[in-house]
Amino acid sequence: NAGVMQNPRHLVRRRGQEARLRCSPMKGHSHVYWYRQLPEEGLKFMVYLQKENIIDESGMPKERFSAEFPKEGPSILRIQQVVRGDSAAYFCASSAIPDGLNTEAFFGQGTRLTVV
Amino acid sequence: DAKTTQPNSMESNEEEPVHLPCNHSTISGTDYIHWYRQLPSQGPEYVIHGLTSNVNNRMASLAIAEDRKSSTLILHRATLRDAAVYYCILRDPNSGGSNYKLTFGKGTLLTVNP
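Protein chains in written order, with this note's numbering: chain Z, 1 to 116; chain R, 1001 to 1114.
Hints are computed from structural coordinates only; laboratory data are not their basis.
It should be emphasised that the depicted structure is a prediction, and the values quoted were computed from it without experimental measurement.
Hints are not guaranteed to be accurate.
Straight-line alpha carbon distances no greater than 30 Å define the calculated DSSO-like cross-link-like pairs of lysine-lysine that follow [claimed, not checked]:
1. LYS51(Z) to LYS62(Z)
2. LYS51(Z) to LYS71(Z)
3. LYS1106(R) to LYS44(Z)
4. LYS44(Z) to LYS1069(R)
5. LYS1003(R) to LYS62(Z)
6. LYS1069(R) to LYS27(Z)
Generate the whole structure from the sequences, applying the supplied hints.
Here it is, written out as structure tokens:
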């Protein structure tokens, strides 16, 4: 059973370009979460999605960031017009159900975005 | 959200037990205590969780104080592969439907010496 798959593992973008980060959840999981980890910091929640629905985007920056989880295919985190401050590791997690009590979240290996 | 406090770093020797403490003096009666760890250049990995009673699994043990204001993650025999940042996280089922969020602090960086 493959785990959470994220690609690419490393992404370099010039300022002003777009970054697209992909996440395929574990088989059978329909709940996807994106987290961002800035250098020397802990992970911060960004957004929670179910298939075709954004449930909670309270951690997403108001501009330039968007996320989707289409009916078919991976979840995508899209960052438009990247700036140096967007350089971070972006992690995707998935779970079978959203209840966090007795359900562990499975994380991918992350995408490390570097903006030059 | 109730907050947790962990030491910034700890050191251990290989094959020896490690006790990683976590203080959560403002924990509510319904908060679960979860532990995750993050190996270098990896995503976080679930370790263990509990509510009131001590818990054991194949990775570790979780000892919870009687007043629940603190807990200790116990690695019985540390290996070099246990070197990671360990996060103690509280999760509340009554958090208005947002208990899926994990709130990561800075955690404890565990160094294991050969």
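Structure-based check of all given hints:
{"no.": "1", "hint": "LYS51(Z) to LYS62(Z)", "in the structure": "holds, 22 Å"}
{"no.": "2", "hint": "LYS51(Z) to LYS71(Z)", "in the structure": "holds, 6 Å"}
{"no.": "3", "hint": "LYS1106(R) to LYS44(Z)", "in the structure": "holds, 11 Å"}
{"no.": "4", "hint": "LYS44(Z) to LYS1069(R)", "in the structure": "holds, 24 Å"}
{"no.": "5", "hint": "LYS1003(R) to LYS62(Z)", "in the structure": "holds, 26 Å"}
{"no.": "6", "hint": "LYS1069(R) to LYS27(Z)", "in the structure": "violated, 37 Å"}
Of the numbered hints listed earlier, the single one contradicted by the structure is hint 6.
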